[in-house]
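J.: So the sequences go chain by chain: B and S.
Heads up: take any position in the first sequence, counting from 1, add 202, and you land on the working numbering.
Heads up: take any position in the second sequence, counting from 1, add 206, and you land on the working numbering.
Calculated from the structure, these hints are not laboratory results.
Treat each hint with caution, since some may be false.
Which stretches of chain S does chain B cover? Using the computed rule of at least three CB atoms under 8 Å from a CB of chain B, they are [claimed, not checked]:
| no. | stretch |
| --- | --- |
| 1 | 247–255 |
| 2 | 317–324 |
Think about it this way: if two alpha-carbon atoms lie no more than 25 Å apart in a straight line, the pair counts; the simulated SDA-like pairs of lysine to any residue are [unchecked claim]:
| no. | chain 1 | residue 1 | chain 2 | residue 2 |
| --- | --- | --- | --- | --- |
| 3 | B | Lys244 | S | Lys247 |
| 4 | B | Lys260 | S | Glu314 |
| 5 | S | Lys250 | B | Ser276 |
| 6 | B | Lys259 | S | Tyr316 |
| 7 | B | Lys244 | S | Thr282 |
| 8 | S | Lys257 | B | Val304 |
| 9 | S | Lys260 | B | Lys207 |
| 10 | S | Lys250 | B | Gln211 |
| 11 | B | Lys302 | S | Phe213 |
| 12 | B | Lys302 | S | Gly222 |
| 13 | S | Lys250 | B | Ile252 |
| 14 | S | Lys247 | B | Pro315 |
| 15 | B | Lys207 | S | Ser293 |
| 16 | B | Lys273 | B | Ile222 |
| 17 | S | Lys247 | B | Ile250 |
| 18 | S | Lys247 | B | Pro242 |
| 19 | S | Lys250 | B | Gly243 |
| 20 | S | Lys284 | S | Thr211 |
| 21 | S | Lys250 | B | Leu249 |
| 22 | B | Lys207 | B | Ser287 |
| 23 | B | Lys302 | S | Tyr280 |
| 24 | B | Lys244 | S | Gly222 |
Computed, partial: chain B to chain S, Cβ under 10 Å [unchecked claim]:
| no. | residue |
| --- | --- |
| 25 | Gln208 |
| 26 | Tyr238 |
| 27 | Ala251 |
| 28 | Pro254 |
| 29 | Phe291 |
| 30 | Phe300 |
| 31 | Phe305 |
| 32 | Ser314 |
| 33 | Pro315 |
Ideal placement from N, C-alpha and C gives every residue a C-beta, glycine not left out.
What follows is the residue order along each chain.
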Amino acid sequence: QQQVKQSPQSLIVQKGGISIINCAYENTAFDYFPWYQQFPGKGPALLIAIRPDVSEKKEGRFTISFNKSAKQFSLHIMDSQPGDSATYFCAASRDTGFQKLVFGTGTRLLVSP
Amino acid sequence: EAGVTQFPSHSVIEKGQTVTLRCDPISGHDNLYWYRRVMGKEIKFLLHFVKESKQDESGMPNNRFLAERTGGTYSTLKVQPAELEDSGVYFCASSQLISPKTSGKNYEQYFGPGTRLTVT
Chain B
203 QQQVKQSPQS LIVQKGGISI INCAYENTAF DYFPWYQQFP GKGPALLIAI
253 RPDVSEKKEG RFTISFNKSA KQFSLHIMDS QPGDSATYFC AASRDTGFQK
303 LVFGTGTRLL VSP
Chain S
207 EAGVTQFPSH SVIEKGQTVT LRCDPISGHD NLYWYRRVMG KEIKFLLHFV
257 KESKQDESGM PNNRFLAERT GGTYSTLKVQ PAELEDSGVY FCASSQLISP
307 KTSGKNYEQY FGPGTRLTVT
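Isolated chain B (complex conformation) (with noise of 0.2 Å):
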């Protein structure tokens, strides 16, 4: 039983225009929603992350969505580049000392010259 979703599983955008991933889960009791970036060859790096009390979180091109009543959030990369080509994942936890991340299946981004 998967507790978060995530679509698409690959995405090819051109230079310049918006990726959108989206992720859904189910546990009620998670309040942490973090979004991991990855390169090829290194380890998932912290891109952006939203606690519930917020809809919205903005990080330069970067922006989470986040809908509590529906369980779903989304990251938006703006003006994509090609540098952002990565594998993205969402994850969820509780917000307590221990956080236990539980992750989606990842989204390979490829975002065209």
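Based on the hints, put chain S in the right spot on chain B.
T.: Showing chain S alone in chain B's frame:
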């Protein structure tokens, strides 16, 4: 500051053999996590150490997997005997321990580059 390091980067073993993966967390990070990603699937939690103590090992697949963190520094994950389904990328992550003086929010987990295990 050095990041999380893992060794080896890649291991190819035959079914039935033993493999030991090592993780060196960021210095001063008391939380250490192991995760695994089977090809094309999600990254799954295996277990969590706080210093040298196992806090949560609910994600360990079976008793062929043994994790240790002697002295609360580096950690090892041994698979014995390895099976075909153990193939995947094993990630280690570390984070600071929450201080009672903080708001109780989590500290970021820093991931290592992973060990790609192939069992043939």
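J.: Look at each hint and say if it fits the structure.
T.: How the hints compare with the structure:
Requiring three or more residues with a Cβ within less than 8 Å of a Cβ of chain B, the coverage given for the stretch 247–255 of chain S holds, as 6 such residues are present. Look at the stretch 317–324 of chain S against chain B: 4 of its residues bring a Cβ nearer than 8 Å to a Cβ of that chain, three or more, so the hint holds. Taking the CA atoms of Lys244 of chain B and Lys247 of chain S, the gap is about 17 Å. The hint holds against a cut of 25 Å. Distance restraint check for Lys260 of chain B and Glu314 of chain S: the Cα-Cα separation of roughly 18 Å lies within the 25 Å cut-off, and the hinted pair is therefore satisfied.
The hinted pair formed by Lys250 of chain S and Ser276 of chain B meets the criterion: a straight-line CA distance of about 20 Å does not exceed 25 Å. A threshold of 25 Å between alpha carbons decides the hint, and for Lys259 of chain B with Tyr316 of chain S the separation of about 21 Å falls inside it, so the pair holds. A hinted pair counts as satisfied when its Cα atoms are at most 25 Å apart, and Lys244 of chain B with Thr282 of chain S qualifies at roughly 20 Å. Annotation: proposed proximity of Lys257 of chain S to Val304 of chain B holds, straight-line Cα distance about 22 Å (limit 25 Å).
This hinted pair does not check out: Lys260 of chain S and Lys207 of chain B have alpha carbons roughly 28 Å apart, beyond 25 Å. For the given pair, Lys250 of chain S sits about 17 Å from Gln211 of chain B by alpha-carbon distance, which is consistent with the 25 Å threshold. Only pairs whose Cα atoms come within 25 Å are accepted, and Lys302 of chain B paired with Phe213 of chain S is accepted, the gap being roughly 23 Å. A distance of roughly 30 Å separates the Cα atoms of Lys302 of chain B and Gly222 of chain S; the hinted pair therefore is violated under the 25 Å criterion.
For the suggested pair Lys250 of chain S and Ile252 of chain B, the alpha carbons sit about 21 Å apart, so the restraint of at most 25 Å is met. Distance restraint check for Lys247 of chain S and Pro315 of chain B: the Cα-Cα separation of roughly 28 Å exceeds the 25 Å cut-off, and the hinted pair is therefore not satisfied. Pair hint Lys207 of chain B plus Ser293 of chain S holds up; C-alpha atoms about 23 Å apart against a cutoff of 25 Å. Simply put, Lys273 of chain B and Ile222 of chain B have alpha-carbon atoms about 17 Å apart, close enough for the 25 Å limit, and the pair holds.
Under the criterion of a C-alpha separation no larger than 25 Å, the hint pairing Lys247 of chain S with Ile250 of chain B is consistent with the structure, at around 22 Å. Our distance criterion of 25 Å between C-alpha atoms is met by Lys247 of chain S and Pro242 of chain B, whose separation comes to about 16 Å. Using a Cα cut-off of 25 Å, the hinted pair Lys250 of chain S and Gly243 of chain B holds, with the two alpha carbons roughly 18 Å apart. Restraint check for Lys284 of chain S and Thr211 of chain S: satisfied, since their Cα atoms lie roughly 17 Å apart, inside the 25 Å limit.
Among the hinted pairs, Lys250 of chain S with Leu249 of chain B is consistent with the structure: their alpha-carbon atoms are about 19 Å apart, no more than 25 Å. For a cut-off of 25 Å, the pair hint linking Lys207 of chain B to Ser287 of chain B stands: about 21 Å separates their Cα positions. Straight-line distance between C-alpha atoms of Lys302 of chain B and Tyr280 of chain S comes to about 19 Å, which keeps the hinted pair within the 25 Å bound. Simply put, Lys244 of chain B and Gly222 of chain S have alpha-carbon atoms about 29 Å apart, too far for the 25 Å limit, and the pair is violated.
Interface restraint check for Gln208 of chain B: the shortest CB-CB distance to chain S comes to about 8 Å, inside 10 Å, so the restraint holds. For Tyr238 of chain B, the suggested interface contact is upheld, since its CB lies about 8 Å from the closest CB of chain S, less than 10 Å. Because the smallest distance between the Cβ of Ala251 of chain B and any Cβ of chain S comes to about 8 Å, under 10 Å, the interface hint for this residue holds. Restraint check, Pro254 of chain B versus chain S: the minimum CB separation of about 13 Å is more than 10 Å; hint violated.
Interface hint at Phe291 of chain B: satisfied, since its Cβ lies 6 Å from the closest Cβ of chain S, which is below the 10 Å cut-off. Against a cut-off of 10 Å between C-beta atoms, the interface hint on Phe300 of chain B holds, since the closest Cβ of chain S lies about 6 Å away. With 10 Å as the threshold, the beta carbon of Phe305 of chain B comes within range of chain S, its nearest partner Cβ sitting at about 4 Å, so the hint holds. Using the Cβ-Cβ criterion of 10 Å, the hint placing Ser314 of chain B at the interface with chain S is not satisfied: the shortest such distance is roughly 23 Å.
Violation of the interface hint for Pro315 of chain B is found here, the shortest Cβ-Cβ separation to chain S being roughly 27 Å, above the 10 Å cut-off.
Violated hints, listed in ascending order, are 9, 12, 14, 24, 28, 32, 33; each of the other numbered hints is respected by the structure.
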